[in-house]
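There are 2 protein chains.
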Amino acid sequence: MPAFSSHYALEDIVELSQRDDLGEDTPVLRATSDARTAGYDAVCVPLTNEKWKARWTELCILDPEESPDKLVIEQRAEAWRSKPAFFRDEVTISRLEEAENLIPLISDWLELDTSDDWVRHDAEIALQQELAFASYLNAQCAILPPPSNRTQVGSYARAINACLASIPYMELSVRIPIYDPATVLPGPSRSPSPVESAPPSSATGGTPPESNMTTWEMWDTIRTICGYNPRLTLALDLTPPLPLSSSVLDQWLAEPVRHIWLPASAFIANAKGYPVLTKGSQSFIRDIVKLQPNIILSGTRAKKHTRGGEPAYAQYVRHLEKTSPAVKAAQTAGTVENFALGYQDYLQAPLQPLMDNLQSITYQTFEQDPVKYRNYEEAIFFALSEWPTPGKVTLCVAGAGRGPLVARALKAIERSKREAFVYAVEKNPNAYVTLQERHREEWGDAKVKLLFGDMRTLEVPEKVDILISELLGSFGDNELSPECLDGASRFLKPDGISIPSSYTAYIAPLSSSKLYNETRATKDPKSLETPYVVMLHAINILSDNGGGISGTCGPQIQECWDFEHPRKDAALTEQGLPLTNSHNTRSAKLTFHIPNAGVLHGFAGYFEAVLYGHVGLSIHPDRMAQISKDMLSWFPLFIPLKDPLYLPADSELTVSLWRLTDVRKVWYEWYAEAFLPVPSSSVHSPIWRDTLSPMSPSAEHGSFLSPVVSTPTFVSSPLLDVPQLTLELPPQHSDKTREGVSLVKISQTALHNPGGQSSWIGL
Amino acid sequence: MPAFSSHYALEDIVELSQRDDLGEDTPVLRATSDARTAGYDAVCVPLTNEKWKARWTELCILDPEESPDKLVIEQRAEAWRSKPAFFRDEVTISRLEEAENLIPLISDWLELDTSDDWVRHDAEIALQQELAFASYLNAQCAILPPPSNRTQVGSYARAINACLASIPYMELSVRIPIYDPATVLPGPSRSPSPVESAPPSSATGGTPPESNMTTWEMWDTIRTICGYNPRLTLALDLTPPLPLSSSVLDQWLAEPVRHIWLPASAFIANAKGYPVLTKGSQSFIRDIVKLQPNIILSGTRAKKHTRGGEPAYAQYVRHLEKTSPAVKAAQTAGTVENFALGYQDYLQAPLQPLMDNLQSITYQTFEQDPVKYRNYEEAIFFALSEWPTPGKVTLCVAGAGRGPLVARALKAIERSKREAFVYAVEKNPNAYVTLQERHREEWGDAKVKLLFGDMRTLEVPEKVDILISELLGSFGDNELSPECLDGASRFLKPDGISIPSSYTAYIAPLSSSKLYNETRATKDPKSLETPYVVMLHAINILSDNGGGISGTCGPQIQECWDFEHPRKDAALTEQGLPLTNSHNTRSAKLTFHIPNAGVLHGFAGYFEAVLYGHVGLSIHPDRMAQISKDMLSWFPLFIPLKDPLYLPADSELTVSLWRLTDVRKVWYEWYAEAFLPVPSSSVHSPIWRDTLSPMSPSAEHGSFLSPVVSTPTFVSSPLLDVPQLTLELPPQHSDKTREGVSLVKISQTALHNPGGQSSWIGL
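Protein chains in written order, with the numbering used here: chain A, 1 to 763; chain B, 1 to 763.
Any given hint could be a false lead.
Which copy is meant is left open, because identical chains are indistinguishable; a pair holds if it fits in one copy or across any two.
Unchecked claim - No more than 35 Å apart at the CA atoms, straight line, and that leaves these computed lysine-lysine pairs for DSBU-like:
1. LYS290 / LYS53
2. LYS83 / LYS526
3. LYS665 / LYS523
4. LYS523 / LYS642
5. LYS629 / LYS411
6. LYS642 / LYS665
7. LYS392 / LYS493
8. LYS272 / LYS303
Derived by calculation from the structure, the hints in this document are not laboratory data.
Model the full structure from these sequences, guided by the hints.
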């Protein structure tokens, strides 16, 4: 659950200092004990006071030209620059015990991003001085004043980066308004097309919501310049009234929000006069609490609201937290969220059951899944029930593990009242011991025969009607189910059934500074090119379902490829094995619409499988609830990018992904390109237009270069004027994207994991 | 000088094979000897023939569905995929000696970028097979067929990258048409503004020249996906007729162009019937020969032109080479180009005369500069001539080295007929020995007094009138001239003169795959953040002098900052030294217009200095010829980027650069952001517009966030509707850039060299 802090302004401290009952206490110590009594975990107090502001202003701002003792002041300023230090009466705290449970606010009048080089330079020296002092007093975190001048946000960020380098341990939290109210209209966040001729926005007219990304923009620039330093965090300022639409606020869920600045002025009074938040703020708080931020309440003692007094504010936020869907799900037994507690955003190397023999404890964890095996039993039951030919049906469980599917198969057989026999194949010698035990004690020779060996090589006494396997990974094929079933299909009858009968891989582009830092943390460059299994938590899916300005974009989550079993008319060896693995290579090129500016850190990978008929398994976010609600066995795949890719609002992201194979292994390679739609008048050629438009039909008929280049008439005479050349263009080369729209390429990633250099998939 | 190769088509080889005078020769061996006789260095021959094409097509293209023995063919295809190999009669060469002086052409019918996954997969296997065979025969380089399908260029590139990994040593050269004639109009390359309402381009109408960047675009995507592999090069195909405007072709000068494909059909006949090239092609050849490409002439035996025969083509190109400005300059003694032979694009760590004591040989190299010392003598002469007060003038040479400036000072004194005395200060004990020798043998006590020590600490007997120094680096201040002269100014009279009196640093954005690979080659990450001194050669300056669509862009080469000497009314210690080095910090934020798409690899750094009055020194490309022609002492600075930054046509590049200092060192930090102008209707807020517009005046008055956030009325009620908020916007917030234009941020680099981590400048 989140912590709560109480903000004490300078006036509050002054007021406390004037109280005659202070005794041994300093004003700040008294503030801290008062706050604790009021149920807060900490206080948030300005580090310096007016005296320091006055001195710094005299030294660094007031123009010496106008002062008589100009040179004297400049001398003092230089003396300060060479040895920056406070006088005792310029700071609000000076003892270790004062700094406990206290979050210092750095002087908010420091002009860290003024356009005046010299003032900015001195502000940076002062910032270093204040942070060094806070660090001396063992403060764990300091809150920095917000950037205010976008043209100098780079200088602001560079100064902070220098502080992160010179001040050890301490966390620096940049205070940023959640958005810029001056630029927002309430309502849904869908952006108007850049190419619809919208009325030019003006200071007097309303403006669409994308523009409230500008404060996130500044944050993104700052943290990028600071190299995603893990000690750089956010103090998100909720002073501005929140719009009802949340989608423009979602990007904050993917950022290191450590503090929420929530002033009493952001609350309204309900019918009874108690402080409550607006709908927009309520839903945002409910979302953001999953990051467990420290909530800094400000102005709660000012009696802004007639009822409830100081405690009412924190009580209300606690109430919101209790009604947060994320928090509730995490507290409900049987949900993935609950099952995954402690695993959020934690990178796991995917299992490699083919290469490694799993431990019994691993089998046990997965056997706990109430949904997966229920669905398998259903699928087997329907397959048996609908099996056309009368008489005995033979089943084979390929990869029986400790036997859960065998047990379910027997249940299904019983329910279906069919006569049937089950072969159970397993290559893990240790699990095979467990199988033998269950075979003797539960199943018996009449119903089950155990076979020890690799399903790709071992011989089965007879061909079977139904082949049952559970070889799926988070991305469907990523644990080599296709390759294994190629082997197992040897002992499936031509008209036999495979359960699963097919599976599909899906991806969606995501942003997550947490996951980006996690992948970098290992210091191993390969870790930036390795897919992981992750319970995604502090992330934001960047795509939406809009077709995009160009009209060529797919849905928010898109299909990469699928596999079907059994394979139809394949060329095989006498042993019934494929001669090569070529048929299991795949490639996908997908285009996503990115409605709001964001940073791409990688892709979420999901799978959906058809077990039999209408019975399936899915971790596709939009469909898992219908197909396999509360299934626990698979977290999504996280496919990382080595370097973040910045995506402007309304850009279009094209992702190329390959499943590749050689004799030793199977692996994925991927890269991405970003495009921005602009009016065709800005771009200069029909070819440019339709060739840069991903998946444009005209591209299908391939090269137009070759004919042009190879036709001698084009080049036989330099006098040939080029307008004739353009006439040679086949007409279908124009307008492949929506009329009037062109896509300009703006950036590209590297090719990731070439040659499977960091491949975790071995044959 | 470039090499020349002769292209033999398959027909040519067949024809040769039918000759009865072959004797021991194979057709290819005969072709090679014929070519050598005709004055060529090598031949360029297809590696495979029609037999191979037929087999591959049958196995991989023809649809088995239609063939009776469908499965048989699929079996054979699988057999080939599992062990790809040639039959002897499918290839044109088979012996080592045949492959000597031969450049194999990979089968150009391989559909490496078809949209059909399966055909593409088989084409890649065939490509691997052909390259492996060429490598077996020790071919040094193979030429790959051009990409033809932009939608699959990623797959084409991934396949090449896989080959680079699996085939050792061999260079793979991608054949790319220099541009796409179908998309070009002749004439100047200035692009129309994306926001002028140009008539929408269509297949029938003409189209502006940016679009001929598309073949470069493809190349850029390919080499980016191949990670700038140094074994990936370009075979630039000059088949298309070249436009007169060259600016759109300049980007090729920054790429690894190893071959020029030049068919006889690209030549026209001159009055006498001899083959010559068009104006556009002539000037491009003259430029590109500086990269010393191998020129592959094709079709020269087809008698396309009535006069001159086969030799005429090569002769003509050799003639162009002789008249190439770059080549001529390199051959003219006394030019920088000649002086720098062998140093082109070679990275040198800048000198650090303050930290290191230079070697005598280093002094000697620089003393050879005929121009630098002449200009110093001129400056001193004019300074003395115009010196107001009569009587003796005292000079001080701060950093006398081996004495060249002392000698020039004495010459200037003689010419000026002034009575004068020279103090010579030097801290290098070794150079000081040379000084003593010259003092005894040439100068004598009457004219010169030597002083041994650091100019920042040593005492000089009297204050001097004129302070002379040569402490400048390629970037002006980068060898710490400002810091040194701060020290030396102690012994300059208040109204004294400093020679130089000022100097300015300039930068321009550049593209150079060579320099990018050079900086990466060291494998030391710091090398990617260290400025180097480089004789820039295979580069392209990406900016132009256009103000840009937004109207906020500066010129092609822009000023960062300057330094003036002596400093006016500075605060100093009793010893006359500054208390801190704060006054020598600088920062610059510059915006460049990028007319054509390109990749930013770093920045060229230049300096210009005023020695005295109208006498100066400059390596600013536009002004060096007037100010200090043929000066040899300084190559430009190269300020690298860690990762290339892609810039679309008509984008705007904002560069932030800082000169920073602490007690130990001085260093630079830098980063860049790219923006794309779009019509305002596409972007969603007046604030967005003017705050993202670099250097927009409105930004000067700083924050609009603070007022908005702090004004209680904004937040006191959630019922406040936001249109009112927008009304609060000060009117000057609209239209800061040119009417109707907005800038959308599209990408950003990291902050480079933070904290001077790879600083090469020590105090």
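Checklist entry - Which earlier hints turn out false for this structure, listed by number in ascending order? => result Hint 1 is the one this structure does not satisfy, whereas the remaining hints hold.
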